[in-house]
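Based on the sequences and whatever the hints tell you, model everything.
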Amino acid sequence: MKKLFLLLCAVILSGGLFAQDSLRVSSRQPRLEDVLQVLEMNDVFIHRFDLRSLLKAHYDVFFYVDEYRHAEKQGRVRRFMFGPNVESVESYPEEDREAVRKMFNLAPDEDEFEVIKDVTLTFRVVDDSLAYISASSSGLGMMAGEVRLYPVVPDQGDAFYMYSTRPFRLDAVADADAVEIPLVFYGSAWYDKQAHITRFCGEDEIDPQLQAQIVKDVPHFYVVGMGLEKLPEEEQ
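Per mature numbering (1 follows the signal peptide of the UniProt record, and there is no 0), the sequence shown runs over residues -19 to -1, 1 to 217.
Certain hints may be false.
EDC-like mimics (lysine to aspartate or glutamate), calculated; alpha carbons at most 16 Å apart, straight line [unchecked claim]: (1) K83 with E68; (2) K37 with D173; (3) K37 with E76; (4) K197 with D173; (5) K211 with D47.
Calculated from the structure, these hints are not laboratory results.
Small disclaimer: the values here were computed from a predicted structure and weren't measured.
Encoded structure:
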């Protein structure tokens, strides 16, 4: 009987030790980083910016797309006009003003309300030689336009395309009547003949003056930015 009791104790103890040594995997919900990584693997890139610091002044806001080849500007290929960042109830017909106040939760003595507080820039490849660039702002809608893409190695029979993005370094900008702020660099990879590989590597952020080494390496790119034009006082 004593031997049986000792045997049962040994079995129980060994079972406890086995349970302590066993491995267990727990399930977790995907993180935002996981979703973004999958999107980027499918040539979709998303960049979001907070514009509330601009609400201290009244601007007409637009977003632009400039094209470059071998670091030389080719021209402005897209311009998305978003309008004023701050609006006034007084700019609406008198019969609509009460509805506007309710829509934006304004007190009876409040006249101005914020319109453009953020922007999301999205880059999406449609086919090998075409991508869509869109700009959207909360509660305001979205504008989009197509841009042309170029193969990594031009004039090659089996064309290969590879584009990616880098954010610009967001330096403070002096206040002026008209300002343009670059936000996102969207460029092609290049073929390294010495290493026999395709690259898109370099700085994680691009300086606004386009002096980064990656700018010199990328054969074709777009700069997507925001333009601000200060409104005259009579239009504020």
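Okay, the hints, checked on the actual structure:
For the hint linking K83 to E68, the alpha-carbon distance of about 15 Å falls within 16 Å, and the restraint holds. About 47 Å separates the Cα atoms of K37 and D173, which puts this hinted pair outside 16 Å; it is violated. A hinted pair counts as satisfied when its Cα atoms are at most 16 Å apart, and K37 with E76 does not qualify at roughly 28 Å. Taken as a hint, the K197 and D173 pair is honoured in the structure, with Cα atoms around 13 Å apart against an allowance of 16 Å.
Pair hint K211 plus D47 does not hold up; C-alpha atoms about 21 Å apart against a cutoff of 16 Å.
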